[in-house]
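Undergrad: One letter stands for each residue in the lines below.
There are 2 protein chains.
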Amino acid sequence: MLSDHFQNGIETAKLVWSRLPTSEEGESEEVNSSKRSDGTSVESLDYEVIENYAYREEQAQRGKLYVGYYVGVKWFFALLIGIGTGLAAVFINIAVENFAGWKFAATFAIIQKSYLAGFVVYILINLALVFSSVFIITQFAPAAAGSGIPEIKGYLNGVDTHGILLFRTLIGKIFGSIGSVGGGLALGKEGPLVHTGACIASLLGQGGSTKYHLSPRWLQVFKSDRDRRDLVTCGCAAGVAAAFRAPVGGVLFALEEVTSWWRSQLMWRVFFTSAIVAVVVRTAMGWCKSGKCGHFGSGGFIIWDISGGQDDYSFEELFPMAIIGIIGGLLGALFNQLTLYITYWRRKSLHKRGNRVKIFEACLISVITSVISFGLPLLRKCSACPESEANSDLECPRPPGMYGNYVNFYCSKDNEYNDLATIFFNTQDDAIRNLFSAKTFHEYSAQSLLTFLVMFYTLAVVTFGTAVPAGQFVPGIMIGSTYGRLVGMFVVTFYKKLNIEEGTYALLGAASFLGGSMRMTVSLCVIMVEITNNLKLLPLIMLVLLISKAVGDAFNEGLYEEQAHLRGIPLLESRPKYHMRKMTAKEACRRQKVVSFPRVVKVANVFSVLRSNKHNGFPVVDHGRNGEALVIGLILRSHLLVLLQSKLDFQHSPLPCDQGVGSIPIRHNFSEFVKPASSTGLSIEDIHLSQDDFEMYIDLTPFLNPSPYIVPEDMSLTKVYNLFRQLGLRHVFVVPRAPRVIGLITRKDLLVEEDDDSATVELQSTSVRAQRSDKE
Amino acid sequence: MLSDHFQNGIETAKLVWSRLPTSEEGESEEVNSSKRSDGTSVESLDYEVIENYAYREEQAQRGKLYVGYYVGVKWFFALLIGIGTGLAAVFINIAVENFAGWKFAATFAIIQKSYLAGFVVYILINLALVFSSVFIITQFAPAAAGSGIPEIKGYLNGVDTHGILLFRTLIGKIFGSIGSVGGGLALGKEGPLVHTGACIASLLGQGGSTKYHLSPRWLQVFKSDRDRRDLVTCGCAAGVAAAFRAPVGGVLFALEEVTSWWRSQLMWRVFFTSAIVAVVVRTAMGWCKSGKCGHFGSGGFIIWDISGGQDDYSFEELFPMAIIGIIGGLLGALFNQLTLYITYWRRKSLHKRGNRVKIFEACLISVITSVISFGLPLLRKCSACPESEANSDLECPRPPGMYGNYVNFYCSKDNEYNDLATIFFNTQDDAIRNLFSAKTFHEYSAQSLLTFLVMFYTLAVVTFGTAVPAGQFVPGIMIGSTYGRLVGMFVVTFYKKLNIEEGTYALLGAASFLGGSMRMTVSLCVIMVEITNNLKLLPLIMLVLLISKAVGDAFNEGLYEEQAHLRGIPLLESRPKYHMRKMTAKEACRRQKVVSFPRVVKVANVFSVLRSNKHNGFPVVDHGRNGEALVIGLILRSHLLVLLQSKLDFQHSPLPCDQGVGSIPIRHNFSEFVKPASSTGLSIEDIHLSQDDFEMYIDLTPFLNPSPYIVPEDMSLTKVYNLFRQLGLRHVFVVPRAPRVIGLITRKDLLVEEDDDSATVELQSTSVRAQRSDKE
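From first to last, the protein sequence lines stand for chains A and B.
Numbered by full-length UniProt numbering, the letters in the first sequence go through residues 1 to 776 in order.
Numbered by full-length UniProt numbering, the letters in the second sequence go through residues 1 to 776 in order.
Don't read these hints as lab results, they were simulated from the structure.
Be aware that one or more of the hints could be misleading.
Copies of one chain are not kept apart here, so a pair can be met inside one copy or by any two copies together.
Stated by the list, open to error - Here are the simulated lysine to aspartate or glutamate pairs, EDC-like style, with alpha carbons at most 20 Å apart: (1) K381 with D305; (2) K289 with D312; (3) K381 with D312; (4) K748 with E573; (5) K577 with D227; (6) K74 with D553; (7) K593 with E316; (8) K113 with E416.
Here chain A stands alone, though its shape is the one from the complex:
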């Protein structure tokens, strides 16, 4: 059936194919360059697993040793990602804690003399920190704004947002989040750490940053999108592991929330990366214990250890816990909706006006935040310290910014504390610790908690979307633990049991709000357990998450999905849409005119086709022995552009360049075909050809993907979607129904043993069948 000259090429390709180390699917996505309102452009990944003949040829020359080396490098890179992300996390933590600690210490020193002067100093320090952050972001790394998780999710789903994984984004993220978190805004450093991990991974994967001349030769190993994406997955897990010191949570986060194509082989590597992060962070913290890290240093590996808290629960408690779940779902869904509206408005009207507006906005929010967090506790009347009975380790009162409960702030008497200041005029980590704390019954008045809840919720909504690196985990925990503690107070009062702790309810509240907003399930549950080190509460956290997610899902999508939509990142969900059941493959691509190339094509034709449309893949059609047409493969726009630019493969003759099996000369270094992450890649406008060039021909055989996946024209779109999504494809050919079936492949055909060569396979499979029929 196949034409002779093509058959020749196919034979070669088959031979070469056999030695290709990376032949799996998992391709990425096409250009979709709609300009975004903030000036950055969303661009889909323009590279895929290079699967053409010539690339395989190059790979094959390297043999089995290379495969071993390749695997070794993967693990080594996983190690590097772990170390890098761990160190970045430690650096950010130490910097934030020191800035914040120093800020509170200075303010507290001054308010001993004048509250007004302290107020001004507090505002100014915060302003300076936030300004540094927003300045870095706007001037140097615009892609580092926000949490970055929607963008990373998009990248792993196959859509590359411009600039998201660059070296400058990494730098901007690290220093930007130090400023924004240290400056006391209502945001966290956890989302940015995930992005940081992903950036480190991506830079390693593409062999360093060429722009900053940090791309040594030995790093240039990974040429396929799949390998790079695997590394970025490791980076995400490392980020979560570092942010929450939750290695298992990191693995699950990567699995549940960010990746789209998970392979079980990858799990082990991701796990390794997380373990490395845990070791690095732990080691660094051990080093800090000797006091070398300033204000940082007192924290243990578990961030908010409440393992000494409530041990057991009774059935009556399940009712208030369910209420917490419902509140979490409602407030979480509301949060998603409000941030969606505000971000939409911000993008449409505010951020269009340039960087000055962004800077002004962030600074304004900083001042408002400072005023509220300093001012509101001033208005609050202090409460008397509880009698220090058995719990003598709880000192009361304490200065703000120090580790512990019962902050003394604007109190007239010595043994009084300000409950609002305890949570508001404090670093977020300490505030959460205070809210989670056990054995501190009625430390907070309901009035203070409500005030804080309303104010902080508003601040978190308003701060979301400003041009600074911003995570939503810690604000979410703050909001959730506030109403959780509120419910807990009522439970303690109502049930009058001794073993109920308000801190437990605060924890459940935190879980419920995160569940209601982010809609994560297993990963969030494990993260909550790992940050609080209390396994016994696991079933309760599960219950609360189930309820809050269900309630939230009734209203809208998760925070990251909503934000991804808004940013124009087209995520392919794991389920096909309901309406696809009505459609066939042919209907889905009805409006699309298919442009195909012949095997040997004139340069002028290629050029004009690439200019005249935006398609990213073109079928290549050749003629068979009997003159009938045959689809011989798929060629990518990006590869055609490389061919046009390099001109190496131009030939004068319109005849195919067959010189026998395996002898098609390789003129390319195949890293040419790989587009670096976060860049726009080549465009047809960049290519300039002379009149002579236009008259030349290219034989496309070595550069095409000889067998893309195909579907018959009347297959249901649901099935096509599953194929596309499960295998991570980029193009699927829709073809007419076949005239005949050459064979059926079943499980049996795929279970042939490795060590047989083809002759014995044949023999064996016959004899196996013979044996079977004998037996039956």
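Following the hints, complete the assembly by docking chain B onto the known chain A.
TA: For chain B alone, kept in the frame of chain A given last:
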């Protein structure tokens, strides 16, 4: 292109397709009925997602309300699985603890007078328990022998082992494991609990047990293999969650170890099931605390709580920990290899001889185990109790079978204990607790530990494969914690630091042996953390697992994979084999003669084709408008058999039965097409037709799957494998290369919004394209 009369059918099918609630892939596997040496037959799943026209018609009549009901039932069943598995676990636990507790109490009471009499009583009680177990298994439920995990893994991979999910297997598993574990054999109850969970799930999924008349009408909901498999996945997770009281570990176990096709939607449901199990088990244990459960009752929710143990670790400790990892890898791989040989020999020579040999074998092993576990401690000299200083809660000595360390057994003085009896003459749970225990330096002598290690390892290897329900988790933990504690003793002596606990090393040893034998990673790590409630050791467990898995992988495959191979369960691994790179799709099915049917086929032809070959799927070929052949779909052997048996669709005319869109009469109840799990289904030999019947015709259109997945003939087998494995297919058509490409489907085509009807979609997609080109 398509023939008119077929076009008509396709239109109908499309219309119907739109309302089908379960149109996803995830089909199962063909019959592969090679007789096994032990008499049971391995049979692949003979049902798949029913995707034919007529089934969809039936489904469509039920509408959207039905979809909601369907989802509700799924969650309700998840709830039932959780409750059922939780209760089964509690029942087994209480029974085992009571039998074992009563056994030790009786023995201890007797040995106060005569050690010989006690010895005899001990042996007899164990023998009776083991005999009850092996009797149930051999006479009543042969499929309940062993752990069942390889079989469940096979089922979820698409291969149905005969009898594995029956009601009698469930009963046999529960009562059998009470006998075998209570009888003191070197095996655990955890693997069987996973199997128990899967059985409960499968019975719910197929609507009860028809044989025992436990199949109410309201249970008959799930007709597709995918839904049933999802339930079984939930059941596995529930089993692990119940066995180890580790809900997160259960979810991860199901994800990592057993399922082959994981969908993120499923995760949430599996998680829910695990949470329910946790609540049920916890509630039951709370109820037991009041003393209603006899010898059971003192245990907490955490099985072996060592959260009070070692808190921190130093870098020097990493070296001995790595050694533990290496030992674990070596001993684990050796365990797999030895059990493989022994099981092979047992199947080949021993178990062929019938049930009496099986019973005798189990009883012999029981006696040997009893003699060793009673006799060896007798030979051991007792040690003096440590001075009871601060750790006054450790009573010394204690009677055996009670909760605690320092067992008094055959000691001459009052303040002496027998260290070998502490671990050997004890229930396994208590022995592990003693090995993990902190603050008990040098409780065991190296000599005792070594003796125990060698003896127990041998017993575990020999016991594996006997005809009783047997898990390998607890024996693995026993073996691992013994050498772990041994290494720990040397570390304590060598490093002379105060905060090093031997129990920590025992835990790491347990993790390393399980890692080296079962090769699980993340799930095992989480299970170890959850059973010991010590999150701080997580990075160390990770490290040890990494090493032991890597070492083990150098020698052989994991325990479950080896056993699955041996039992003739052909698992499709997630990665294609290396040699597949050399092959094309056509080569893979080269020896297979494709038998296809015309659209309207004579009954006699169907009958003779089904008799003459063993194929499970047949292409159906029709003729297009211009007389050319067209493949119109796939018909399954099992569906043809149902058609032949029911005779409802026989017709006299050889013409297609088109009566317009949507009007093909439905004569079947579609549960007829569903084969129950673990049964052999219809065979061609069961069908008897008259001569008149043979002259009739059947129109296959309503019963065929109109668009199975297709691959071009020269696609690499690696790509075919990925398609097959990722989508969980059963048949793939190999077709000639297409003559032309009708369209390309890309991400854009799959992102059409739901709420647009087809007219606006068309408009919108045009305008979007126009906008884009304007911008660029």
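Undergrad: So which hints don't hold here, by number, going up?
TA: 1, 3, 7
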